[in-house]
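Protein chains: 2
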Amino acid sequence: MKKNDNYHHGNLRQALIDAAFDVVVELGRDAVSLRELANTLNVSRGAPYRHFPDKDSLLAAVASKGFILMSETLEPLESRLGTDLSVTEIGKAFLEFAEGKPLLFQVMFDPGLMLQAVPDSEFGEALEAVYNRVSALVKSRLQIEDEMQLKQQMVAMWSTLYGYAHLRHAEMLKPYMVAGVAKDEIEKAVLTTAFSWTGKSRIEKCV
Amino acid sequence: MKKNDNYHHGNLRQALIDAAFDVVVELGRDAVSLRELANTLNVSRGAPYRHFPDKDSLLAAVASKGFILMSETLEPLESRLGTDLSVTEIGKAFLEFAEGKPLLFQVMFDPGLMLQAVPDSEFGEALEAVYNRVSALVKSRLQIEDEMQLKQQMVAMWSTLYGYAHLRHAEMLKPYMVAGVAKDEIEKAVLTTAFSWTGKSRIEKCV
DNA sequence: GCACTAAAGTAAGCACTGCTTACATTAAAA
DNA sequence: TTTTAATGTAAGCAGTGCTTACTTTAGTGC
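Line by line, the protein sequences give chains G and R.
Residue numbers for the first sequence follow the working numbering, beginning at 1 and rising by one.
Residue numbers for the second sequence follow the working numbering, beginning at 1 and rising by one.
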């Protein structure tokens, strides 16, 4: 009788994150059940609580993995900086990620999770990594020297792109709102808007 | 023994919406429990299901009430159209509503709720009412005649303002992202960006 | 005025959940 | 080799959404 088969899983924490990640990607946040995850991993239903104090902590780890994946997805853009990379392509990459994994995207931006995530956690680091990568791309491409202007551009871009991705996923852009305008045109308007801020002088000249 | 005291509540449907609305505003979506609502309203725990097929339907009704409230909040802006109303004040009113009732705001824009809301439901009407009101304000103030341009401006504005409100509520605008920039400056940048799209000619001139 | 029907309530149960407690096993340090 | 802390197990608690079967009531047609 095998008594020491696999009492200790060995890597349960990461296995939980990976399994929950897959569930989130495919079925969304509400489909995650700690009991079901435990069953899938052939472990008792109390075991997950040795690694995560509660369900939200596990979901925060899933969100972190999501930001890491997003950062990796955006990485190839850096090598194209000197050549043909337009600024709208940076935004497009963001929107494509959101459209490709909408349910994960939703968890990554869930207010409930970060309001309890400790500052220097895995979550914060993953988020900062994405931000820094995008910020560097935008700074380089738009040639924004002033740090204050860069930050304002980043917040504006972040807001516009996230907002559009969310509204699109939530299907809140009703037909009567976009009737007669091609989807490409809508996206073009959003991308143009997202990168429209480049400092006071230019804005005031335009307005 | 009072047998016919109040077997029928009389207005349980609206009472449920109002009670759930209050819970959402104060404690958020997850704090809503159909059982607890039933107890509060002195009704059996099965009664709510005579009015709403499931919990999400009740929350959709709450979201509808939220959009109606938002529309009423925006209504006074119309009378100021001819006088001193700046376009950024329209955006500010939106952001103030979001900041004042963040947990309700979250439910109003919850993807899960509209993906099942039937087209011509109360929800859709309330959303359309808000959209039409804002659209009329923007059209009038920015003097946009072309309907296509108006729609593009609206989607861009909607995205930017919603996105900013959400990121702010989720506390995703970390200190390192906004360090050195006053909150007013951030908001100004967002508002300017939200209304920056006014048609091809102007954009191309600016970029 | 009265039987009847449909709306709207009750009561109880099912399956499921997150989380906790008490206990068992194991790996690794002392 | 002993001890200790990490990690797993087993079982239970309180709470949830939703369903089913039954009961009361209001309103309508005769």
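Everything labelled a hint here was simulated from the structure, so no lab data went into it.
Heads up, the beta-carbon is just placed ideally off N, CA and C, and yes, glycines get one too.
You may find that some hints are simply not true.
To be verified - Derived coverage of chain R by chain G (criterion: at least 3 residues anywhere in the stretch with Cβ under 8 Å from a Cβ of chain G; other residues may be distant): (1) 123 to 136; (2) 144 to 156; (3) 172 to 185; (4) 188 to 197.
Here's how the hints hold up against the structure:
1. Residue count for the stretch 123 to 136 of chain R with a Cβ under 8 Å from a Cβ of chain G: 4. That meets the three needed, and the coverage hint holds.
2. Figure legend: the stretch 144 to 156 of chain R, annotated as covered by chain G; annotation consistent (8 residues with Cβ-Cβ distances under 8 Å, at least 3 required).
3. For the stretch 172 to 185 of chain R, the assignment as covered by chain G holds, since 10 residues bring a beta-carbon within under 8 Å of that chain's beta-carbons and 3 suffice.
4. Given a C-beta distance limit of less than 8 Å, the hint that chain G covers the stretch 188 to 197 of chain R holds, as 7 residues qualify and 3 suffice.
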